[in-house]
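Residue numbers (the numbering used here), protein chains in the order written: chain A, 1 to 368; chain B, 1 to 248; chain C, 1 to 306.
Derived from the structure by calculation, the hints contain no laboratory data. Bear in mind that the values here come from a model prediction, so they are computed numbers and not experimental data. Beta carbons are placed, not taken as given, at the ideal position from N, Cα and C, and that holds for glycine. Errors might be hidden in some of the hints.
As the list claims (entries may be wrong) - Derived list of chain C stretches under chain B, where covered just means 3 residues or more per stretch with a C-beta under 8 Å from a C-beta of chain B:
(1) 42-48
(2) 238-245
(3) 257-267
(4) 290-303
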Amino acid sequence: MKQFLIFVKKEWLHIWRDRRTLFILIWMPIVQIILYGFALTNEVKNSNIAIFDQSRDVASLAISDEIAASRYFNLVKNVYSYKDVGATFRQGKIRMAIIFPQNFRNDLLHTNSAQIQLIADASDPNTANTLTNYAESIVNDYQQSLNQNQQLPYTIKAQVRMLYNPELKGAYGFVPGIMALVLMLVCTMMTSIAIVREKEMGTMEVILVSPLKPFRIIIAKAVPYLFVSLVNIITILLLSVFVLGVPIVGSLWLLMAESTLFTITSLSLGILISNGAKTQQTAMFTSMMSLFLPTLLFSGFLFPIENMPIPLQVISNVVPSKWFYIIIKDIMIKGLGIGAVWEETLILVGMTAILLGISIYKFKIRLA
Amino acid sequence: MAKEKVITAHELTKRFGDFIAVNKITFDVEKGEIFGFLGANGAGKTTAMRMLCGLLLPTSGQASVAGFDVFKQTEQIKKSIGYMSQKFSLYEDLTVAENIRFYGGIYGLSDARIKEKSSLLIKQLHLDGQEKTLVRALPLGWKQKLAFSIAIVHDPAIVFLDEPTGGVDPVARREFWGLIYEASARGITIFVTTHYMDEAEYCNRVSVMVDGRIDAMDSPANLMKDYSAGSMDEVFLQLARKAVRTGD
Amino acid sequence: MQPVVVENIVQNYRTKKTVVEALKGISFTVDRGEIFGIIGPDGAGKTSLFRILTTLLLAESGKATVDGFDVVTDYKQIRNRIGYMPGRFSLYQDLSVEENLQFFATIFNTTIHQNYDLIKDIYQQIEPFKDRKAGALSGGMKQKLALCCALIHKPSVLFLDEPTTGVDAVSRKEFWEMLHRLKLQGITILVSTAYMDEASLCNRVALIQKGELLSVDTPKNIISQFKKPLWAIRADEMYKLMNDITADTSVESCYPFGQYHHVVFKTQENRRQTLAEIAKKGNYTNVEIKPIEPNIEDCFMALMNN
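Bound conformation, chain A alone (with noise of 0.2 Å):
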């Protein structure tokens, strides 16, 4: 038993003295536990929505109004006509709009039914589900408040149109964001771990006393990951087409140079991880912590960016598979060209060209 015991007593003491490790392991849950009690909701608030109103009359305005003030929707602009709801649908502003036909409340008093019109971003379809209930259930309590002192009960009925992903696969959603969250873990991981490596194994040294510019060890290393990750998108569009049925409306080509572009903005950040690791594991870990999981929380497909605190918005900002992940679902989903895509790809660019500027300035040329 004692033998036990002093075993005990020296793996506490082993723990006890790598402060680094005891620090996160106390200190994770709790940032953890904070960071994604307000981040982490499937509660839909603060949806951007278009309201496209051809009557203006009390009616439709009332409702406005109720749905404009509740905390579920945020009025983003009114639009007026047909052509601007679905403009402002491909600039990605708006997850719903409510179209109000004309006659709106005229309808109403004269044959005691009307028509609302709902049209949704299906390309996530749990919010689109879940913003269509909410806008619903608000006219139905508009259409309660109406009936109580009638004898022949008013209807308004919403007419649910889902864009994009009529019968709401949730494949649709989780395709673009699996894309992203592979390319990401690769890139970034592999990379970052390859190049440790060569530090680790002590051929680091070898290769840095030689005409080998440390500017082309980088890229070299980068390479053969770029293809391996070519060869990962192009899988998952064959399985995402042919076995779960999501579509590629958009252009392929334009897809494809999006996708690539996104693999080069990840292996620059393996390539930044790897010039401050020293060890495989450390590089690992980084990775891990860094990435995977704001890729994950961050990027808006698991949960929805705007209903997060604005701060945990702002940072979601510099999270790269957030862009992509609009890109994606833009091209992808919504069938959509690089007009409406042009400003997150700058981003990407963006960032890509800051990432590496920064890892090859910081590339270290000696031991240390």
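Since the structure of chain A is already known, use the hints to place chains B and C on it.
Frame of chain A; chains B and C shown alone:
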């Protein structure tokens, strides 16, 4: 006056499939002897030593260590021996005192005995004031001496040293061998493997393994005479050159 | 112009709590075409010195040049022309022998064929295994391969950091024979080792301990500078003998050297008598006393103790 034999081995063999790592070695070691177990990498030294320590079951042959059979009484063997190797010795992130206490506890010493041994050891190694120093901060020579002392903290009958001296400075290396001499004088038998042929000359007797067999065994002085060599280094080179195996 | 010039190199390692003085002001020069040995135990500063000379580490102060190029400002030129074999022979374990050699040849803008005659003697010994992965080679073979990779571009100066550590005795001997043949081709070789006996295989050596040079000279000169007479003594019961001798006040040091103890006295007088008396007093049997010439290790230890 026959001295007590603490290790006996008769045609001890270990096979891994078709490969015969240790091929019918026969030898014995007397109590208090410093016995050098030499051989090139791949000759079978480490395998043989593992069998004697009770860590590996032999394929055939017989052997006993401290009176216990290597086939049937491995647990008793482990309790009666000490072990130190170059690759591992002490826990770097524990202090000197903690290492002593830990190993003392593992070897089953009572608290009183651990305390007693601890102060003795610290004084002997001139580590007064360093009890709370992390082993990591000690110079290599001190680490080695401490590791050896801890390996015999429970006064075992035999201590096995697997390549114990690394690239320490020549003075530290000799101080280390001073400790070995002192332990031997106390009656502890020392079984040591080493790459340094001049250290082979410290031993009472040495054996040289080549390709799994023991090709020579005698005192260094006799071996040097037999092989007309000026040093153990030359003896070893003559024997090792005949080797067929060059594995790692 | 001398291939390697070192002037007052100082190097410190700082951790949170302590400062370790790895090199405390090292100065020496290496002549063209010589085998120059840096001899010292672990922690003496050998690897730090090598990393500074191969431009992998910046010294805290001091100056060093390789082939006339400064290690700090002209590091690119140095990296193009030297051969370097760090400890643990950095090879790609999962590439074959031939692939490793091809890789290093290519990054040095040359081919295996171009300088093949330089490495022929060495490579022929491992050529039968040229498709074997480097990780599956024995220590001696890895050593030979690493040497080939360091030579393949015909460097003007070769830096070998502890190339014989962890390698069996036969390979060690063969390695030094290879080095001597390379020297004949005019390559300047700087080699570090913890094995004192290898010092005699060098043209000149620098003995290094705890960041300081104890001596820089030919092995012969170092030995001739050992002024005090050296005695060897043996008997049964070596341990007790050593204690008895050390206890004598006229003895400066008594160290075990295998079969004999080496004894140095504090003065230059003939001390055979003293030893004989000690042996008689302790009733030792099979006593043998003889004067001997010091070797490098005796010199190193004497210099250490000064």
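The hints, checked one at a time:
1. Three residues within the 8 Å Cβ limit are the bar, and the region 42-48 of chain C against chain B gives 3, so the coverage statement holds.
2. Only residues whose beta carbon comes within less than 8 Å of a beta carbon in chain B count, and the region 238-245 of chain C has 4; three or more means the coverage holds.
3. Note: the region 257-267 of chain C has 3 residues with beta-carbon separation from chain B under 8 Å; the three-residue rule is met and the coverage holds.
4. A stretch counts as covered by a chain when three or more of its residues have a beta carbon under 8 Å from one of that chain; for the region 290-303 of chain C and chain B the count is 3, and the coverage holds.
Checked against the numbered hints above, the structure breaks none of them.
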